[in-house]
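> Each chain, written out:
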Amino acid sequence: MSAEQFAHLSNLAIYSATVVYALALLVHIAEWASAFEVHHHEVADVLVPVGSSSARSGISVVTPGESSRRPGEPRSDRTDTFGQIAMSLTVLAFGIHLVGVISRGLAADRVPWGNMYEFSTTGALAVTGAFLALSWRYQLSWLGLLVTAFTTTVLGVAVLALYVPAGPLVPALHSYWLVIHVAAAAIAGGAYTVGAMASVLYLVKSRWSGGYLDRLPSKEDIDRLAYRVHAFAFPTWTFAVLCGAIWAEYAWGRYWGWDPKEVWALITWVVYAAYLHARATAGWQGKAAAYIALVGFGTFLFNFIGINLWGSGLHSYAGV
Amino acid sequence: MTQTSAPVLAPLEFARWIWRQLTSMRTALILLFLLAIAAVPGSVIPQERVDPLAVTRYRQTHPSLSQWYDRLGMFHVYSSIWFGAVYVLLMLSLLGCFIPRTRVYLTALRARPPKAPRNLVRLQASAQFESSTAAEQVADRAAAELRRKRFRVDSYVDGEGRHVVTAEKGYLREAGNLIFHVSVLVVLVGVAYGALYGYKGAVLVVDGQGFSNTLSQYDEFTPGGRFNADDLPPFSLHVDDFHVSFQPDGPQVGAPREFDADLTYTAEPGDTPKTYDLQVNHPLQIDGTSVYLVGHGYAPDITVRDGDGNVAFSGPVPFLPQDASFTSYGVIKAPDAEPGQLAFEGYFLPTLQFDKTRGPISVFPDALNPALVLLAYHGDLGLDAGLPQSVYELNRSGLKRFTRADGQPFRMQLQPGQSITLPNDAGSITFKGVDRFVKLQISRSPAKLVPLAGVLAAIAGLIASLFIRPRRAWVRATDADGRTVIEVAGLDRRMGGDLQAEVDALAAALHDVHEEKESV
Ligand code: HEM
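Chain order of the listed sequences is A and B.
Per the working numbering, the very first residue in the first sequence carries number 1; after that it's consecutive.
Per the working numbering, the very first residue in the second sequence carries number 1; after that it's consecutive.
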């Protein structure tokens with residue numbers, strides 16, 4: 001195929017993947033909603049004599065205990081069916097998405113992360129990839145709603161606001177260090193995203209219960225997962241920042257120049273260091289640590305979105 | 001913190017108390033947050049060190065706010081007192097943590113694994129069963145098994161005659177953590193040293209011209225606090241040929257594709273000249289100094305004659321690129337012109353096209369149809385006032401614009417080879433041709449490899465610290481009426497991993513095949 005055909009294929013695949021992710025998201029929403037209904041009926045059936053309509057229409061305020069069925073056990077009801085459909089759709093979307101990213105690289109004849117559009121599509125691929133890989137080992141399908149919501153949004157923004165046609169890179173970006181730098185940043189970003197989602201669910205579960213929430217793993221298990229993912233993301237991020245510094249040294253003659261992008265990379269690094277500390281500091285474990293992880297994710301997103309759109313500094317020619 | 005209840009703290013105790021506060025985990029956490037917050041303003045407010053031009057512009061548009069910013073050091077956040085204070089406190093705290101932890105760690109390295117707690121089956125993970133093998137033999141087998149799993153092992157017989165094996169592994173975790181923290185210190189000290197003793201400068205060199213490494217030849221120069229101008233290595237270089245190519249078509253038309261400069265350089269006067277192909281991402285190293293190609297642009301070759309017909313200026317003049325099509329702004333000054341000084345200001349357009357609404361514009365970065373669009377001035381350039389003046393800016397206070405008969409500014413458009421005579425025979429300007437210039441950044445930061453090595457060590461330490469799980473294991477064998485009761489237990493102070501599975505595996509290894517196991 002020619003470069004134009006690859007470029008065309010890539011666009012088509014990214015559009016389609018966005019749509020399929022959106023479908024998966026809708027099905028996940030149905031999954032959560034149906035879990036709430038199930039509890040409602042179960043509770044009503046037990047508590048209310050047949051024939052009384054008032055309780056059925058009323059809002060159930062009964063808080064059921066932890067679901068007797070743990071995630072991972074065979075599921076049979078509607079909720080589980082929705083969950084499985086959503087998961088299959090996510091796998092399908094991931095496959096199409098992968099084609100989109102690879103053909104983009106073939107169209108441009110280089111790694112597909114040379115500008116904001118490509119970094120978004122590749123970063124979203126890293127997030128879904130991390131999610132699917134982890135759910136293979138750890139029974140993670142409960143994170144699906146947040147993952148598909150995130151991916152749909154990122155791809156949507158990429159397609160609508162960030163798109164640039166495929167083409168070669170400007171000379172300053174010709175560097176192996178850049179390839180490694182961005183790849184490491186995307187992997188760390190994917191892991192930070194999954195970590196942030198786990199932290200959100202941890203906080204939600206610490207506060208509320210009922211409905212689909214009772215089907216999630218225990219608070220402690222979610223917390224442990226969040227820690228593991230962050231523990232992987234942090235050294236990867238450190239490495240990404242290092243490669244960035246080496247690249248900057250080759251391209252601009254300094255490791256570190258307090259460019260806004262660099263400053264925010266450092267801020268992200270420091271906040272996640274604080275997160276790891278918090279987990280070992282009395283009085284800061286649990287919720288406080290989870291909030292710090294979310295602040296860290298906020299700084300990461302701001303660096304990627306805010307600073308790029310602000311667009312001063314050397315990094316901005318990554319081509320918004 | 002028992003001291004807080006004492007009515008008066010003796011100075012020494014007070015100092016100790018402060019030190020203990022400073023080196024607590026909680027303080028470290030808060031200082032990390034402060035560092036993150038303190039770094040924010042410098043990414044929002046323009047910084048002298050990063051973009052001096054933006055600071056000048058900001059001062060013009062926000063004069064009163066700028067005064068406050070100046071007082072707070074907001075235009076140089078990363079060298080301000082308050083940023084430095086957070087940074088130094090964090091470093092002190094780090095050092096204060098590191099030293100005692102290292103001491104504790106070194107003691108722990110030499111110590112034996114801890115004695116078994118009284119109640120083993122209450123630990124995180126445990127197993128208990130009976131066996132017909134003698135207690136001593138069970139203990140020997142347990143010790144061998146644990147050694148095989150690379151635990152550090154100690155055995156003893158306790159006060160009640162029970163055989164105990166105690167084991168520990170994962171010592172490298174704490175070592176990794178300590179290495180990580182000390183590496184952070186090394187990186188910061190290395191960076192500070194390089195910044196103090198190094199320098200950074202930039203110079204524009206026209207294709208076909210040269211540069212020798214002395215202070216007066218630089219266009220920009222930022223020395224570190226301890227830099228000495230006599231330390232500049234005496235190299236010189238000459239730009240022999242500069243090539244650039246742009247994407248001619250397609251969606252990214254006009255994007256730069258390749259640019260490189262063929263150089264000849266001599267490391268010291270009298271040395272044999274060497275050649276080098278200088279490219280972006282491919283700097284030249286001379287004697288610990290690095291030369292980078294960071295940009296390029298056009299330098300129209302211009303001759304200015306004064307009213308008397310004498311040449312008042314001649315040579316290539318760098319025009320600074322303003323946009324992706326290399327529309328470039330520049331200033332030509334002819335201070336030697338008689339009877340009055342002459343100056344020109346305007347744009348160089350590499351590929352001229354006339355736009356109905358915007359007038360002459362450049363539509364492509366390569367010099368396909370080059371043109372100069374200039375305004376001309378006469379009067380006093382203000383060069384004698386003693387104030388330093390940029391060659392890229394015009395001080396218009398003493399200058400008057402040339403005008404046409406109808407009072408409109410006298411606007412000139414020239415293509416290579418053309419000349420234009422100024423009104424009233426005040427002189428003429430000739431656009432002889434187009435040269436290009438390269439922007440070179442020249443910098444030196446001594447001990448460059450120290451921070452690099454520091455970061456690598458930090459990452460290695462971090463990985464060890466995050467992924468090694470320190471574990472303890474105990475096996476206790478008790479003789480009871482000819483049978484042996486065996487207890488196995490494990491402790492993992494970090495979460496993660498399946499400790500019970502490990503304990504079960506150890507129990508299984510000690511278990512006689514034909515006996516029934518009872519796991520607790
Ligand atoms: C520049 C400042 C610092 C940075 C970037 C930093 C970073 C980190 C990181 C990323 C970890 C996680 C590694 C792990 O969990 O094993 C960690 C752990 C740790 N840090 Fe720091 N740290 C800093 C300063 C300090 C200071 C001042 C102290 C002393 C109070 C300290 C004490 C510790 C301790 C005790 C741990 C181990 C926690 C555990 O057992 O999990 N750190 N640090």
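Mixed in with the good hints, there may be bad ones.
What the hints assert, rightly or not - Partial list, computed: chain B residues near chain A (C-beta under 10 angstroms):
{"#": "1", "residue": "32"}
{"#": "2", "residue": "120"}
{"#": "3", "residue": "282"}
{"#": "4", "residue": "394"}
{"#": "5", "residue": "441"}
{"#": "6", "residue": "459"}
{"#": "7", "residue": "466"}
Stated by the list, open to error - Here are the computed distance ranges between Cβ atoms for each label pair:
{"#": "8", "chain 1": "B", "residue 1": "158", "chain 2": "A", "residue 2": "283", "range": "36 to 42 angstroms"}
{"#": "9", "chain 1": "A", "residue 1": "209", "chain 2": "B", "residue 2": "257", "range": "36 to 42 angstroms"}
{"#": "10", "chain 1": "B", "residue 1": "92", "chain 2": "A", "residue 2": "133", "range": "39 to 45 angstroms"}
{"#": "11", "chain 1": "A", "residue 1": "77", "chain 2": "B", "residue 2": "136", "range": "56 to 62 angstroms"}
{"#": "12", "chain 1": "A", "residue 1": "78", "chain 2": "B", "residue 2": "257", "range": "55 to 61 angstroms"}
{"#": "13", "chain 1": "B", "residue 1": "18", "chain 2": "A", "residue 2": "161", "range": "48 to 54 angstroms"}
{"#": "14", "chain 1": "B", "residue 1": "272", "chain 2": "A", "residue 2": "298", "range": "54 to 60 angstroms"}
{"#": "15", "chain 1": "B", "residue 1": "152", "chain 2": "A", "residue 2": "283", "range": "53 to 59 angstroms"}
{"#": "16", "chain 1": "A", "residue 1": "280", "chain 2": "B", "residue 2": "18", "range": "19 to 25 angstroms"}
Claimed, not checked - Chain A residues, not near chain B, derived (Cβ > 10 angstroms throughout):
{"#": "17", "residue": "2"}
{"#": "18", "residue": "78"}
{"#": "19", "residue": "109"}
{"#": "20", "residue": "139"}
{"#": "21", "residue": "156"}
{"#": "22", "residue": "219"}
{"#": "23", "residue": "253"}
{"#": "24", "residue": "258"}
{"#": "25", "residue": "278"}
Calculated from the structure, these hints are not laboratory results.
Ideal Cβ positions, reconstructed from N, Cα and C, are used throughout, including at glycine.
> All hints are to be evaluated individually against the structure, with a verdict given for each.
Okay, the hints, checked on the actual structure:
Proximity of residue 32/B to chain A holds as hinted, the smallest CB-CB distance being about 4 angstroms (cut-off 10 angstroms). Because the beta carbon of residue 120/B sits about 24 angstroms from the nearest beta carbon in chain A, more than 10 angstroms, this interface hint is broken. Proximity of residue 282/B to chain A holds as hinted, the smallest CB-CB distance being about 7 angstroms (cut-off 10 angstroms). For residue 394/B, the interface hint is violated, since its Cβ never comes within 10 angstroms of a Cβ in chain A; the closest pair sits about 25 angstroms apart.
Restraint check, residue 441/B versus chain A: the minimum CB separation of about 5 angstroms is within 10 angstroms; hint holds. A hinted interface residue such as residue 459/B counts as satisfied when its beta carbon comes closer than 10 angstroms to some beta carbon of chain A; here the least separation is about 6 angstroms, so the hint holds. Satisfaction of the interface hint for residue 466/B is found here, the shortest Cβ-Cβ separation to chain A being roughly 4 angstroms, below the 10 angstroms cut-off. At about 37 angstroms, the CB distance of residue 158/B to residue 283/A agrees with the hint of 36 to 42 angstroms.
One distance hint, 36 to 42 angstroms for the beta-carbon pair residue 209/A and residue 257/B, is violated here, with the actual separation near 59 angstroms. Between residue 92/B and residue 133/A, the C-beta spacing of about 42 angstroms keeps the proposed range 39 to 45 angstroms intact. A C-beta distance of roughly 58 angstroms is found between residue 77/A and residue 136/B, which places it inside the suggested range of 56 to 62 angstroms. The supplied range of 55 to 61 angstroms is met by residue 78/A and residue 257/B, whose beta-carbon atoms lie about 57 angstroms from each other.
Look at residue 18/B against residue 161/A: about 52 angstroms separates their beta carbons, and that is inside 48 to 54 angstroms. In this structure the supplied range 54 to 60 angstroms holds for residue 272/B paired with residue 298/A, their Cβ-Cβ distance being about 58 angstroms. The supplied range of 53 to 59 angstroms is broken by residue 152/B and residue 283/A, whose beta-carbon atoms lie about 33 angstroms from each other. As the Cβ distance of residue 280/A to residue 18/B is approximately 23 angstroms, the hint placing it in 19 to 25 angstroms holds.
With 10 angstroms as the threshold on Cβ separation, the claim that residue 2/A sits away from chain B holds: the shortest Cβ distance comes to roughly 12 angstroms. For residue 78/A, the shortest C-beta to C-beta distance to chain B comes to about 34 angstroms, beyond the 10 angstroms cut-off, and the non-interface label holds. The beta carbon of residue 109/A is kept farther than 10 angstroms from every beta carbon of chain B, the shortest such distance being approximately 12 angstroms. No beta-carbon of chain B is positioned within 10 angstroms of the beta-carbon of residue 139/A; the least distance is around 15 angstroms.
The beta carbon of residue 156/A sits about 22 angstroms from the closest Cβ of chain B, which is more than 10 angstroms, so the claim that it is off the interface holds. Remark: the non-interface label on residue 219/A is consistent with the geometry, its nearest Cβ contact in chain B lying 13 angstroms away (cut-off 10 angstroms). In this structure residue 253/A is not separated from chain B by more than 10 angstroms, as the shortest Cβ-Cβ distance comes to only about 4 angstroms. Not every CB of chain B is more than 10 angstroms from the CB of residue 258/A (nearest about 5 angstroms), against its label as outside the interface.
A Cβ of chain B approaches the Cβ of residue 278/A within 10 angstroms, the least distance being about 6 angstroms, so the stated non-interface status is violated.
Going down the numbered hints, you'll see the structure goes against 2, 4, 9, 15, 23, 24 and 25, while the others check out.
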